[in-house]
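Listed here are the chains, written in short residue letters.
Protein chains: 2
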Amino acid sequence: MKRREFARSLAAAAAVAAIPSVRLDAALPRRAPRVNGERLNGWLTAISEYGKNPQGGVTRLAYSEADQAARAYTMQLMRDAHLDVSVDAAGNIYGKRTGHDASATPVIFGSHVDSVPEGGNFDGNVGTLAAIEVARTFAEQGVTTRHPLWVACWQNEEGGTWGSHLVTAESTSAERATVARSGKSIDEGIRALGGDPSRLATARLRTGGVHGYLELHIEQGGHLDRRKLDIGIVEGIVGLREWDVTIDGFANHAGTTPMNERRDAMLAAARFTEMVNRVVTAEPGRQVGTVGRIQAFPGAPNVVPGKVTCTLELRDLDDRKIQRLYDGIVAEAQTIGARNGTTFGFHEFVTHESALCNERVRTLIGASAGALNFTTLSLPSGAGHDAQNLARVCPMGMIFIPSVGGISHSPREFSRAADITNGANVLLGAVLAMDAADFGR
Amino acid sequence: MKRREFARSLAAAAAVAAIPSVRLDAALPRRAPRVNGERLNGWLTAISEYGKNPQGGVTRLAYSEADQAARAYTMQLMRDAHLDVSVDAAGNIYGKRTGHDASATPVIFGSHVDSVPEGGNFDGNVGTLAAIEVARTFAEQGVTTRHPLWVACWQNEEGGTWGSHLVTAESTSAERATVARSGKSIDEGIRALGGDPSRLATARLRTGGVHGYLELHIEQGGHLDRRKLDIGIVEGIVGLREWDVTIDGFANHAGTTPMNERRDAMLAAARFTEMVNRVVTAEPGRQVGTVGRIQAFPGAPNVVPGKVTCTLELRDLDDRKIQRLYDGIVAEAQTIGARNGTTFGFHEFVTHESALCNERVRTLIGASAGALNFTTLSLPSGAGHDAQNLARVCPMGMIFIPSVGGISHSPREFSRAADITNGANVLLGAVLAMDAADFGR
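One line per chain: the protein sequences are A and B, in this order.
With positions in the first sequence counted from 1, the corresponding number in our numbering is that position plus 3.
With positions in the second sequence counted from 1, the corresponding number in our numbering is that position plus 3.
Chain A on its own, in the form it takes in the complex (with noise of 0.2 Å):
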């Protein structure tokens, strides 16, 4: 484990001061708080037990016993941390603690403890937990805060962002009829975790009604891990949008058909799959573009395969960006399928727009990280988070931590406890800062 010396210099409080942006006002500490890096790392080790695997890491699919003993486990020690702890009708946990003015909206930061199939210890918990042990900081070194914090556990995050949803958007029942990993659907997966899917709008969070949002995650790729930086400040969540693809063409048989007779579904598929790669790599920046599913009909070796579906995704900070390449790619489609005479349809299927964080947020987190002599990598999370959802109504930010090999998802998942720690320590500087930024309403 590598150490850091956690020493506050002058200098860099000088820096922190120096940023315009940001007014950091006199709630901030002189001397900011220290988390107990210890005592955090040891409830990582302790909730790892709840659904743990044979062969390492954990399944805790939202709604199923691991879940819920995990919630139990989370909700004991928000208590332990003196909050008031509830769960609102969409199956989310607030551990709340009172700011010192009446009329202040809540600054909210947090994150989930479900888990993929066969995920890992950290992706979730580490933001989770690190919220928890820095209320629990502020109750013994005795910090209050102007808003009051609201500790979130989000519900179902793996399987779509679903707890922080449901309380920043409209739902459906049909919607909500969505059967989920453990075989529960939303509406009955909300119930099992002690909501009520009837009393939504008793849980909405609305615009003007929260004063920020902040969310610590694992960073879910290895720029921060092999560039050996410490703190990775999210630029906003990508957006996404996935397509199934259906290319058709004419089956034939394999040995009586000629090269140039075939009108083959494969053969454009393969063509097609390169091109993506191909357009999506043909411009800088941080876009992504993958074929991960695909079937070819009727998917015998002696046949000419007359249909192939697959999925196209793309992903990228900028929305418009998605819409340019997508539109590429559809405009080469229909040169592939020119080629051998296949044809070309795509449906969409998952959209997901960007987040952007906002950027006085990532100033703040900035300077709680320069703070703390920290080095810092601004960086897309190209992976969904439940913060992508609080952007809806209020300034929101996230504060990535390394993750070994950028390995997520599995149990080969690990983050250092220093990394950890660090990550709580900027987390607990970023809160007190915003507490006292004024975002201008």
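By construction, these hints were calculated from the structure, which means they are not laboratory data.
Even for Gly, the Cβ is constructed at its ideal location relative to N, Cα and C.
One or more of the hints may lead you astray.
[Stated by the list, open to error] Which stretches of chain A does chain B cover? Using the computed rule of at least three CB atoms under 8 Å from a CB of chain B, they are:
1) 267-276
2) 297-304
[What the hints assert, rightly or not] Selected chain A positions facing chain B (Cβ under 7 Å, derived; list incomplete):
3) GLN223
4) HIS256
5) THR259
6) MET262
7) VAL291
8) THR293
9) VAL294
10) VAL307
11) THR314
12) ARG318
13) ALA386
[Stated by the list, open to error] Short derived list, chain B residues pointing at chain A, Cβ under 10 Å:
14) GLY225
15) GLU245
16) PRO261
17) ASN263
18) GLU264
19) ALA272
20) GLU277
21) ARG289
22) ALA303
23) ASN305
24) VAL307
25) VAL311
26) VAL353
27) SER384
28) GLY409
Given chain A, work out where chain B should sit, using these hints.
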């Protein structure tokens, strides 16, 4: 339906006589008899009732009830043609007719009556019933041959030319444990058809024991139909090799893994598929190459595939060309893998060497067609046939008739009645010419 003149001109007779490599001795009648085309096409309509599908065509899987019913009908037609009917230990049906030379080896001709799932009414049936019609015509018109004539109906052609394989090669009980589409193993199927797997040796045909083999079949490509030609003279049955191809990369999050850090097995598979097409079409010839089946793992729209499996099939009349193409493909696959950190593995799971038609048999088929004023085309068979197995033990030849649009293995498979009658008459003439020929033993 098109109609043709069948009258044989003196000029055509002279043309046959002028072909130097075939000795047409006194056994060939000056005026060959003609089959009863109306009767033959009536039988084809009648046999289409066995395993008939609601949407047309038949599903007559080997060893099924429909297959057994069609075989019973076939045996009755053989008896009506004064043939001596038997089922050998491998489950093949023979209808035998004595020749006037007691020491002569048999001329065998026939085909099969089983079908693929949702197959058509012509593949196999045309050759089997035309062979019976030829024998019946000989019986009715008092034609006797020197060699015995055996009309064959081979079992389970569509499942891998099993019946003809079992009588021309060794097999093990492990091989015959293969489960056919009907759900029965080969051995179970043999017993269901009246054969006896323990006595297969009694059914063996051996080199020197068969004078020659002829098979009439629909062309499963569209060459004859497209060029409006009457008869195809088959050059041989192409060799066929199939490989499972495994491409290993590294599965990763599609949102967080930059394009230049991916080891994307799907992209490698796409480049492979396009390369196969390029390599196969880069040189003149009738070789074909197909990627017919593909699967990506884990196969989610939002995961860069870490593994892809697909198939490669190559066919050509020249086995050395198949090997050369394969070597080129493997070399290029390694280059493709090196481009993005993926590796290719090849596992061959089907190998059929090509089977060339006997050159003198091809000549006598051409002479028979020429004597009837039919237009002809020499061409390879891209599909497999029982004839490829008979080539192991005797001179072999195949006659093709047009299949409209080149469609086969489909309810839409269709051959015109006049073309079927033409094919049967060419078969009749070829049987007589083969009976008269001395292949040098």
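We went through each hint and held it up to the structure:
no.	hint	result
1	267-276	holds (count 8)
2	297-304	holds (count 6)
3	GLN223	holds, 4 Å
4	HIS256	holds, 6 Å
5	THR259	holds, 4 Å
6	MET262	holds, 5 Å
7	VAL291	holds, 6 Å
8	THR293	holds, 4 Å
9	VAL294	holds, 5 Å
10	VAL307	holds, 6 Å
11	THR314	holds, 4 Å
12	ARG318	holds, 5 Å
13	ALA386	holds, 5 Å
14	GLY225	holds, 7 Å
15	GLU245	holds, 5 Å
16	PRO261	holds, 7 Å
17	ASN263	holds, 8 Å
18	GLU264	holds, 7 Å
19	ALA272	holds, 7 Å
20	GLU277	holds, 5 Å
21	ARG289	holds, 7 Å
22	ALA303	holds, 5 Å
23	ASN305	holds, 6 Å
24	VAL307	holds, 6 Å
25	VAL311	holds, 8 Å
26	VAL353	holds, 7 Å
27	SER384	holds, 8 Å
28	GLY409	holds, 7 Å
This entry satisfies every hint, going by the numbered hints stated previously.
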